[in-house]
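Asker: Could you put the whole structure together from the sequences, leaning on the hints where they help?
Sequence lines, in order, name chains F and Z. Last residue of the first sequence: 1542 in the working numbering, with the numbers rising by one and none dropped. Last residue of the second sequence: 1542 in the working numbering, with the numbers rising by one and none dropped.
These aren't lab readings, by the way, just hints derived from the structure by calculation. Treat each hint with caution, since some may be false.
It does not matter which identical chain is used: a pair holds within one copy or between any two.
Cross-link-like lysine-lysine pairs, in silico, DSSO-like; alpha carbons within 30 Å at most [unchecked claim]:
no., residue 1, residue 2
1, Lys1426, Lys1069
2, Lys1370, Lys1288
3, Lys1252, Lys1495
4, Lys1350, Lys1495
5, Lys1445, Lys1069
6, Lys1332, Lys1426
7, Lys1356, Lys1426
8, Lys1210, Lys1060
9, Lys1238, Lys1252
10, Lys1445, Lys1238
11, Lys1495, Lys1147
12, Lys1516, Lys1495
13, Lys1426, Lys1055
14, Lys1060, Lys1426
15, Lys1438, Lys1354
16, Lys1445, Lys1214
Given the structure is predicted, the values throughout are model-derived calculations rather than measurements.
There are 2 protein chains.
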Amino acid sequence: MFKNASPDEVKAVLAKAEEAYRVLKGYSIRQRTSFMRTVATEIEALGDVLIKTAMAESNLTEARLLGERTRTVWQWNSYANYTELGNWLDARIDFPTAMPSPKPDVRKTSVALGPVVVFGAGNFPFAFSTAGGDTACAIAAGCPVIVKAHPGHPETCALMAQAIEKARIKCRMPEGIFAQVFDEGYEIGQMLIKHPAVKAIAFTGSFKGGTAIAELAAERDEPIPVFAEMGSINPIFLMPDKLKQNAAEIAGQFINSVTLGVGQFCTNPGVIIVVAGRDLDTFQSTLKQVAANTPAAPMLHPGIAKNFEKTKANALEQSGVEVLAKTGAEQAENHGALVLATVSGVEFISNPALHEEVFGPYSLLVVCRDAEEMLRVAQSLKGQLTSTLFATGKDLEESEKLCTIVQERCGRIIFNQFPTGVEVCLAMHHGGPFPATTNSAFTSVGADGIKRFTRPLSFQNWPDEFLPDELKNDNPLEIWRTVNNELTMESVNPVQAN
Amino acid sequence: MFKNASPDEVKAVLAKAEEAYRVLKGYSIRQRTSFMRTVATEIEALGDVLIKTAMAESNLTEARLLGERTRTVWQWNSYANYTELGNWLDARIDFPTAMPSPKPDVRKTSVALGPVVVFGAGNFPFAFSTAGGDTACAIAAGCPVIVKAHPGHPETCALMAQAIEKARIKCRMPEGIFAQVFDEGYEIGQMLIKHPAVKAIAFTGSFKGGTAIAELAAERDEPIPVFAEMGSINPIFLMPDKLKQNAAEIAGQFINSVTLGVGQFCTNPGVIIVVAGRDLDTFQSTLKQVAANTPAAPMLHPGIAKNFEKTKANALEQSGVEVLAKTGAEQAENHGALVLATVSGVEFISNPALHEEVFGPYSLLVVCRDAEEMLRVAQSLKGQLTSTLFATGKDLEESEKLCTIVQERCGRIIFNQFPTGVEVCLAMHHGGPFPATTNSAFTSVGADGIKRFTRPLSFQNWPDEFLPDELKNDNPLEIWRTVNNELTMESVNPVQAN
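Answerer: This is the structure in structure tokens:
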């Protein structure tokens, strides 16, 4: 139904994006945030057809998609609020406090990088796709966006693009501020990555996809930043005292987390680590019971289901891996059926294949001989989006070393809650050391994600009337600024040279 | 005199750095800043021998080195002050304001990346070398540092390492917090870049060196960030009305800037752009007069002088390039003798060779036919550390389009001052789009440079007593934090779940 874009069409789209980038410099922050809020309204105005279309294209449930729509609308609105606060500009002003002085007047703000290409994710057709968080962040920063539509849900992508276009017309934004291109192959995506007009890339998806993009971007005459979120196995450390006290309860919640969204979350807990002992019996037997009664559910599309079967089979073939629990349901076509496996700590540490993500309702119980082996398991882990400790106060007091190791290897560390469900708030870091992402300095959830698409620019001795508003003496935007090293919302009155 | 490090010695150094990284986590920010201030004191305590050694190794003047020492001491002290302020942590706290709530308590801070390798610059033996800004920033962030000593001034490097070691012992810092290795070749540097213990690299030097390091770092199993500052040609746009009013004065100051430090600054103005017209005569004739009386001076070392002659000769051989002015002094061995050349705007735009940095006392006057051609010259420029406008108010009003183009291509834009002399303050951005640096998001001068060596880490539902100090409810560090989207220094009292 959707025609693949031609190279000439892509060139035209990029030329418009470059033009829009310049035009947008003449727009105020307030005009951008008005546009962002109108996008939110237009997404809501799509109504039931958006939900029905996404259900048909993604097999996700109505309840899940209603929730995801609310989250997506919240992203546009809350990022608009934060954009107006202006803290993300990191405005800094230094000037001499007495004259004569050899010190110059120097002021710094953040400026938009330029056109941004967004590759959306298949598992979040609203929140991480066409009108998702990456698009909202780039527009907040002042960057035009070109979305490479996700081939898994093209109709949903088209509806979202319509909502953005309606908002654009209402808010009189330049035409090139947003565009979407369709292509079922790789050619158009590669052309976008390589084109000199493109200044940054945001991606959510697989390790293979993310690293391929990063390599292409690094090979350009002008290398550009790639913010790729590539998933992880999100280890859970279930500590001895906690296991003793809450084995059955945690087992049930754990299966709930593993099967949430049919396991198709980048924060899906792909491994849970325990120390051997008699308390483990209750945990394992509850897992078996609950798993047996957990129904299979349709996955996003046949390709994902096929890949789940393949990666799961590969994991189960590894030395020392045994199936621990699984659903008792008949397995229908393209459905993801829960499997929990188990392996020893020693095998896990020595086999890199067990550290690979299995995208779907699968998790691995790693049984360590003792606390020392659990530490070595932690040390063997690669970079993760999240790591979780289920622990009592007693456990935590005895886990200082473990906590240190775990923190070095993740972007978010969680206590007695599950990693699935990424709260959209400023304190959220959705990122982490490689291979969870290609750039551990930035988040892809929360308004701090705006910073991915900016860079600092200093103005030295620049006349006040020609400065950007956020740096002007009288602080017309009423934002927090760091003036001669102190945070303040006050205006400034530099002493004048004679 | 200095033995090249062996691979085994480097391995031992890195093992100690990894250990120190963990040990440092148990140290407070206040302990780190105390160490930083003690380093400053110990650098001063080196006294005259430091200046004399650097003079002998670098050919830089006593006055220049006294100034650079003051600057280096200021870097350690002012970065320590800013480290204590804690704003760089970007501490954020979000918690539910009413219970029951589905929202989790999420808090975010910045954590140290791990051991950092610093490659210093030859042209700043104090401020951008062993005990330079990169080392100070990394230690401020909590990262141990391994310096690959600059082969151009090894004795100076050794003295600085002694000062740091004295401070380390006084402040009881772990042994691995700082190390320096010597090697005249590339082997040890490459080993450092490739080693898994190393988590980030800071470099100041040539485009060739910086991009080679970035490529090696990207090829690692775990790619790491490279913050390379690679210099630029720092264009100056001399606008018509300003030229009319101040031609002679600017000509004199311009030569002063071009020859400052024998032209061996990364902010050296390598090109000055004007529009043809009768006012140009005064400018050119003053350049000739002043240049004729400008003495040659010894360059950093014979290799630099040789390279200057080579790149200068190459620039002068380009089509349409003519010598405009030069020193009348006899040229002594290893001395840099001023040459100013001139070329038309059309030639400059079409010849990439003229966009290359000539490291030394050389600059190119680009004469444009009209304002339109000056715009095209601006558009032809690559990423720059700085760009400068010499302009009157009238010029500036007519330069909106030029300013937009120029801002897109630089990290600092300057009005009626010269780019040489980089003020060490928070509002300074010393960086810029590629090829000025490999990462336009960060500065290498000013305390914001600390952020290069950190990444965000979120804590979800984490018990208060186990949180890092900067995230604890009662704000024991008394720092600014963003709590539920508002900046505040207040403590927080989250509502408790039932």
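Asker: Run every hint past the structure and note whether it holds.
Answerer: Status of each hint after checking the structure:
1. Lys1426 to Lys1069: between (41 Å within a copy, 20 Å between copies)
2. Lys1370 to Lys1288: This pair counts as within: shortest intra-copy Cα distance 23 Å, inter-copy 84 Å.
3. Lys1252 to Lys1495: both (25 Å within a copy, 29 Å between copies)
4. Lys1350 to Lys1495: For lysine 1350 and lysine 1495, the Cα distance exceeds 30 Å both inside one copy (37 Å) and across copies (43 Å).
5. Lys1445 to Lys1069: This pair counts as between: shortest inter-copy Cα distance 11 Å, intra-copy 49 Å.
6. Lys1332 to Lys1426: within (29 Å within a copy, 62 Å between copies)
7. Lys1356 to Lys1426: Within. Shortest intra-copy distance 20 Å satisfies the 30 Å Cα cut-off; inter-copy 49 Å does not.
8. Lys1210 to Lys1060: within (18 Å within a copy, 59 Å between copies)
9. Lys1238 to Lys1252: Answer is both: 18 Å inside a copy and 22 Å across each meet the 30 Å cutoff.
10. Lys1445 to Lys1238: Result: close only across copies, 27 Å inter versus 44 Å intra.
11. Lys1495 to Lys1147: Intra 29 Å, inter 24 Å, cutoff 30 Å: intra and inter.
12. Lys1516 to Lys1495: both (21 Å within a copy, 25 Å between copies)
13. Lys1426 to Lys1055: Between copies, since 22 Å is at most 30 Å while 39 Å is not.
14. Lys1060 to Lys1426: Answer is between: at 22 Å across copies they meet the 30 Å cutoff, but 41 Å inside does not.
15. Lys1438 to Lys1354: Neither. Shortest intra-copy (41 Å) and inter-copy (69 Å) distances fail the 30 Å Cα cut-off.
16. Lys1445 to Lys1214: Between copies only: 27 Å across, 56 Å inside.
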